[in-house]
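2 protein chains.
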Amino acid sequence: MVSDDIPDIVISRLPVYLRALTRLLIEGENDITSGQLGQRLGISSAQIRKDLSHFGEFGKQGTGYRIKDLVEQLRRILKVDMEWEVALVGAGAIGHALAHYNGFRDRGFRISVIFDNDPAKIGTLVNGFEIQDEHRLAEIIQARKITLAMLAVPAEAAQVVADKLVAAGIKGILSYAPINIVVPENVYVQQIDPVVHLQRITYYI
Amino acid sequence: MVSDDIPDIVISRLPVYLRALTRLLIEGENDITSGQLGQRLGISSAQIRKDLSHFGEFGKQGTGYRIKDLVEQLRRILKVDMEWEVALVGAGAIGHALAHYNGFRDRGFRISVIFDNDPAKIGTLVNGFEIQDEHRLAEIIQARKITLAMLAVPAEAAQVVADKLVAAGIKGILSYAPINIVVPENVYVQQIDPVVHLQRITYYI
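Chains V and X are the protein sequences, given in the same order. My numbering applies: residue 1 is where the first sequence begins, and numbers increase by one. My numbering applies: residue 1 is where the second sequence begins, and numbers increase by one.
The following block holds chain V by itself, in its conformation from the complex (with noise of 0.2 Å):
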């Protein structure tokens, strides 16, 4: 059902569905019209419907689509039906604003671990959590085989640590770091920049 031919430009999309589609869900709607989200997300009826299209056969002619059915198969289809462990490498002031961050949960992700560098942060707490020596990032992401982690820490330092990120089994990484990391292919990176979001903003103001 889920063909390796979808366009990614589709599947960055899927999130924003999904996550208007459960706060529908939270406000007490049961059914939507492609037109009704559309309106909501700035995005056409037809590219919606399009969109969903790769996936199989969601909603009907008229009534539009059952909330609840299509989150949980946007659920499905993102791997988001389960809940993902996500190491935080760097507790700085992104790695606590991640830290605390209460957005993760219900939406598929659980940080578990935070490692640092810096012996002065190590065996402190954020929000609950100890701070873990770098050093032991590779025993303890494969020990909790934990496949998915996020890199707050500076650009100086962000391929040496996605290196060893890799070696150590993840398999995605999200990073903050401004610096584009190279990784092998088998590997997917997600980069959050907000200079580059900025840019993109200004060149259309």
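Treat the hints with care, since some could be wrong.
Claimed, not checked - Facing chain X, from chain V, some residues (calculated, C-beta under 7 Å): (1) V10; (2) G172; (3) L198.
Because the hints were derived from the structure by calculation, they are not lab data. Glycine is no exception: its CB is placed at the ideal position from the N, C-alpha and C atoms.
Dock chain X against the given chain V, drawing on the hints supplied.
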């Protein structure tokens, strides 16, 4: 030279090129081929050449790009050959991380004012900034002619604050709130939500 029909996906890659090229310049490099740049970024050289060709003729067959020139062109295209003042709304964990982020400098942006609606925070300092009362948002943004904002408020407050920002003259919003905000067509929104990025990773794992 800059035509309106350049796909947004191309625009989204330009800041990544600019970031990598700026780093190469700092490392003392003068020239680079599209193949070398592609290797650094995990993007094909053909893609890079095609993306840049939208904006005119850069580089020479064989010798590649003069990095300094390409950086200048990209800064001009993305309109970061100037410094934009940015208003930050929300002095929670994410707002603090943004206020302390030193990656804005020399990349076109400077946070110049921080707002919050919490009486306990108003008047206190974050990285040298006095947190302003959110009630003064319109007044200050208009007086300083600020057109860019970063939104780091809870999901529940995001739309209301976004409406205030737009009314005050903001033309671009980088939102960290895990909800889709609706704005007029002439306002550009980019969203940063770690869960959306993580779900895009887990799809592929």
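Each hint, compared with the structure:
Hint status for V10 (chain V) relative to chain X: violated, with the closest Cβ pair at about 10 Å, above 7 Å. The beta carbon of G172 (chain V) comes within 4 Å of a beta carbon in chain X, closer than 7 Å, and the hint placing it at the interface holds. For the restraint placing L198 (chain V) at the interface with chain X, the shortest Cβ-Cβ distance is roughly 6 Å, inside the 7 Å limit, so the hint holds.
Of the numbered hints given earlier, the model fails hint 1 alone.
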